[in-house]
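Colleague: Residue numbers (this note's numbering), protein chains in the order written: chain A, 1 to 443; chain B, 444 to 731; chain C, 732 to 1061.
Simulated from the structure, these hints should not be mistaken for laboratory data.
The structure presented is a predicted model; accordingly, all values stated were derived computationally and were not measured.
Note that CB positions come from ideal geometry on N, CA and C, so glycine has one too.
Accuracy of the hints is not assured; some may be wrong.
What the hints assert, rightly or not - Some chain B residues judged to face chain A by a derived CB distance under 10 angstroms, without partners named:
id, residue
1, 561
2, 563
3, 564
4, 565
5, 574
6, 604
7, 652
Claimed, not checked - Where chain C lies over chain A, by a calculated footprint (3+ residues, C-beta under 8 angstroms):
id, region
8, 76-85
9, 215-228
10, 338-349
11, 370-383
12, 420-426
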Amino acid sequence: MLKTFRLGGIHPQENKLSAGKKIETLPTPGQIVIPLSQHIGAPAVAVVQKGDAVKAGTLIAKANGFVSAGIHSSVSGIVVKIDDITDASGYRKPAVFIKVEGDEPEPFIDQSPGLNKNITLSSEEIIRKIADAGIVGMGGATFPTHIKLTPPSDKTAQLLIINGVECEPYLTSDHALMLEKGNEIMVGTQLLMRALKVKRAVIGIENNKKDAIVHLSDLSKNYDGIKICPLKVKYPQGSEKQLVDAVIKRRIGSGKLPIEVGAVVQNVGTAFAVYEAVQKNKPLFERIVTVTGKGIKNPSNYRVKIGTPVNELITAAGGISENTGKIVGGGPMMGKALVNAEVPVTKGCSGILVLPGEETARKERRNCIRCSKCVSVCPMGLSPYLLMTVSEFSVWDKAKSECITDCIECGSCSYTCPANRPLLDYIRLGKNKVQAHGVSRIV
Amino acid sequence: MDLILSAVISLGVIGAVGAVVLYFASRKFNVYENPGIGLVNDVLPGVNCGGCGFPGCKGFAEACVKADSLDGLFCPAGGMEVMSKVAGILGREVQSAVPMIAVVRCAGSCEQRPHVNIYDGVLSCAIAASLYGGETGCTYGCLGFGDCVESCLFDAIHINAQTLLPEVVEDACASCGACVKACPKNIIELRKKGPKSRRIFVSCVNKDQGADARKECNVACIACGKCEKVCAFDAITIENNLAYIKFNKCTLCRKCVKVCPTHAIPEVNFPPEKEKPPVTVEENEIRN
Amino acid sequence: MENKLLISPSPHIHGGDSIAKNMYGVLIALIPAFLVSLYYFGIGALLVTVVSVGSCVLFELLIQKYLMKINPSVCDGSAIITGVLLAFNLPSNLPLWIVVIGALAAIGVGKMTFGGLGNNIFNPALVGRVFLLISFPAQMTVWPKPVETRWIFFPTVPDGIDGLTGATPLAMIKGHFGHLPDYLDMLLGNTGGSFGEVGAGALILGLIFMLWRKIITWHIPVFTVLTVAVFTGIMHAVNPQEYASPLIHVLSGGLLLGAIFMATDYVTSPMSKNGMIVYAVGIGILTSVIRLFGVYPEGVSFAILIMNAFTPLINTYIKPKRFGEVAKNG
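Next up, chain A with everything else stripped away, as it sits in the complex (with noise of 0.2 angstroms):
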């Protein structure tokens, strides 16, 4: 039997069309856009000016504040402007436009090929490499990295989970990367648990990726305290609370976070960037992105540079069929529509989906049957159905005192309902609304 999380969940199509795919790399195109807010906190701050000349891994863009990351140029080139760009969701950000010119990396970046297995840093020196290369997590949730790794004082770390779960349908980047970078996250997570000064990590996978749980088990014969716990598959088990109800049976309470119970969860994208920062002094410029879905006409892994265009991945990608309906960075359960194909590649983007009209559109809303699958899947055990009426029509008090805020938004309650409700929709309105009103959350 294997280990799953213990409450609500669903198993959509895993269709993971590019599952086995080696990872490519993606040329590099002419002009880069790298956007200045690629994380969540404060935007960073330009460091570079018009002319000026950078080399990839440069850094344009120094952290804000507390909660912000640096971002590194990823490319050798000229800083063309700096100016607005139309983000994902059609708003206008500042971003660096840098018009690509040679291939030529900084001096400081170790370029030779060879696995670095030796740890001759301490705990502090290896979050502060994190920090300078600007890794925030690679899962999606691009919270910065170092700050999760510097636990309030009053709590100790003693288990670092990290998250090669993957369950969202379609995206098969970190199973790419856990395939062929096996050795890199292996020896990226023991860093992490000299960081964190823990002495266990786990490495959670989902069972349909039975070639990455066999080759990670091989291979974390050769490093202590490391173990590979494989999951039965299971939306949203990426998730980080579910992740570790699932991995160390423990539950984590309303509005608390993993280091609550001992835990720290990172995904095994932000380890391979953290083996890469530490071990090859080599800031965070690229990333595995998976191109994929029914519309796209070769589904593959790419390894990108952060600030490409999308439609340059699409392209690589053999292009997309006419009846294109959505584009979507990350996966089709928590990912967000593009409003274009020119938004650049964020440090966040595990995934371009490019779904048919006919999988995503919205069918016909009907009335709540009351059927209670929404109830029965939500992972967080809240009222789905309640949670939309209430605030459909505003109620924020009793949207407050059902613990909305507990919602984790991954979206098994939209997807199981027969009646085609809105569910999300509405509960993360209302999530906002509360969340906003300054409303503490109800313990």
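Please build the complex by placing chains B and C on the supplied structure of chain A, with the hints as guidance.
Modeller: Same frame as chain A, but now just chains B and C:
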């Protein structure tokens, strides 16, 4: 006979006991309320729109009765008519208030502002606005899903089927401000209704730079500054690439309307301009 | 790209479940019981079912189109289920005009007055059934004998028990007369009663199908039946002469039909698992009380309707257990 008698007696006793209990309960739990509150409440519109800033008409009535003067207390839905009644009941002076009206500051109809994507979520401005910029290139403009229509208690705002923009019904608008609060894009503003309902305003809230704004919408304010220069009354300011007409200073001279290159300043309820000289001559003749 | 992209909040895919899929799933689950009723009650069962379904669908269509002025949604199958369930709760010799009245009460009063599917408080089929039971007690409590009435069109409603009619097992228990059918007959459906409720085996087959297709969960049927079994079991142990054995109670009457198909009605049953258990236990207790101590020999319909009324209360007070709630208290 016994049966009837016992029934009458038992019912009588129950009734008597109930009466006694009710009597003491009403004495014990009696809450004194100023009778004025009821009287004032009766003349108020009773729609509980909240435009006065109090929780419903009853709350406003209480505030009127408690307050020493009616300064700052105004029922936008009822207007002067209702307020003078209230003043009559309470024997106080009523403060005159300038009639206001809700104004939709977006003129980006379908032709002026082409759609670039299709929204497929819940048809609610609040939800769409929290998700993204909108169906058109302009991220400031009206989304057209009618949260303002939903919020209006007076049926005074409707979405025009052609332009997909909300339109305010002049006579019905109570200037309660519900739509202003409902609009997530802050497009609707309460402005002075103006003499004979004549008013001018900048019908745009786009803060993008001129060139971008122009690309997004044909009737956007591009912050060219012509209106600011032409205004003799210092009523127009330009901030964040957007012109704004202060309705307290505006004299409705309409110079700005004429200079605006994008026609972003509409004039409302003005008679058509008489420009051609012959018309004037005819008029003179009639007068003579 | 000429096509404009669609934009919506996540999730961007849907599981493909629909109201119609669930409703037709329930109808498929009702097929075995229908076949059993056709075998034992023949043409009468067929006629009553056809008329009941037809008039339910028609009434829903008319009300939606002309009274509510909305797009008719009869294709989702919920009116068909109401029709079938109403028919299953009637004797096969019921005059067809009474069936039509029952359908009108079920759809018109039980469902559409509240706003249609999803808004009704009471199970529409049971509203129709109870309406008929109270309005036409004579016709509603005379049960044709199985097999013998198979080929008779419109068996007339006799004044008393004659060759073609028989009593239900529960009526026999209540009145202390007749020979109770053996368990095998009750399992197969060879007893008197409403024609849809007799075939216990077929109903359980339907339950298994619905559980397999994940249309319903096991909580309501299992706990309802279990409660009746325990309650009547205790009474039987106390006084075996007066009270029948729990197995007879479980297999006879409308208990299985009610517990499997009517108590589990989505709209009128509670949302949380614990709420469902409370609801099911309530139905079980009320059924047993009516059966053992009440005037009517059968009480499932009343029990379900009464617990329907409690469903909003149960939903308010019995919420699903939230994630992390235990960790917080412990």
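Colleague: Is the listed coverage of the region 420-426 of chain A by chain C valid when you require three or more residues with a beta carbon under 8 angstroms from a beta carbon of that chain?
Modeller: holds (count 4)
Colleague: With 10 angstroms as the cut and Cβ atoms as the points, is residue 563 of chain B at the interface with chain A?
Modeller: holds, 5 angstroms
Colleague: Quick one, is the residue 574 of chain B hint okay against chain A at 10 angstroms, beta carbons?
Modeller: holds, 7 angstroms
Colleague: Can you take a look at whether the region 215-228 of chain A is actually covered by chain C? Rule is 3+ residues, C-beta closer than 8 angstroms.
Modeller: violated (count 0)
Colleague: Does the nearest C-beta of chain A fall within a distance shorter than 10 angstroms of the C-beta of residue 564 of chain B?
Modeller: holds, 5 angstroms
Colleague: Holds or violated: is the Cβ of residue 604 of chain B closer than 10 angstroms to a Cβ in chain A?
Modeller: violated, 21 angstroms
Colleague: Hint residue 652 of chain B vs chain A: min CB-CB distance below 10 angstroms?
Modeller: With a closest approach of 8 angstroms, the residue 652 of chain B hint holds.
Colleague: Have a go at the residue 561 of chain B hint: is there a Cβ in chain A nearer than 10 angstroms to its own Cβ?
Modeller: holds, 9 angstroms
Colleague: For the region 338-349 of chain A, count the residues whose Cβ lies under 8 angstroms from any Cβ of chain C; is that count three or more?
Modeller: holds (count 4)
Colleague: Tell me if residue 565 of chain B is really an interface residue toward chain A, meaning its C-beta lies closer than 10 angstroms to one of theirs.
Modeller: holds, 4 angstroms
Colleague: For the region 370-383 of chain A, does the count of residues with a C-beta closer than 8 angstroms to a C-beta of chain C reach 3?
Modeller: holds (count 12)
Colleague: Within the region 76-85 of chain A, is the number of residues with a Cβ closer than 8 angstroms to a Cβ of chain C three or more?
Modeller: violated (count 0)
Of the numbered hints stated above, those contradicted by the structure are hints 6, 8, 9, listed in ascending order.
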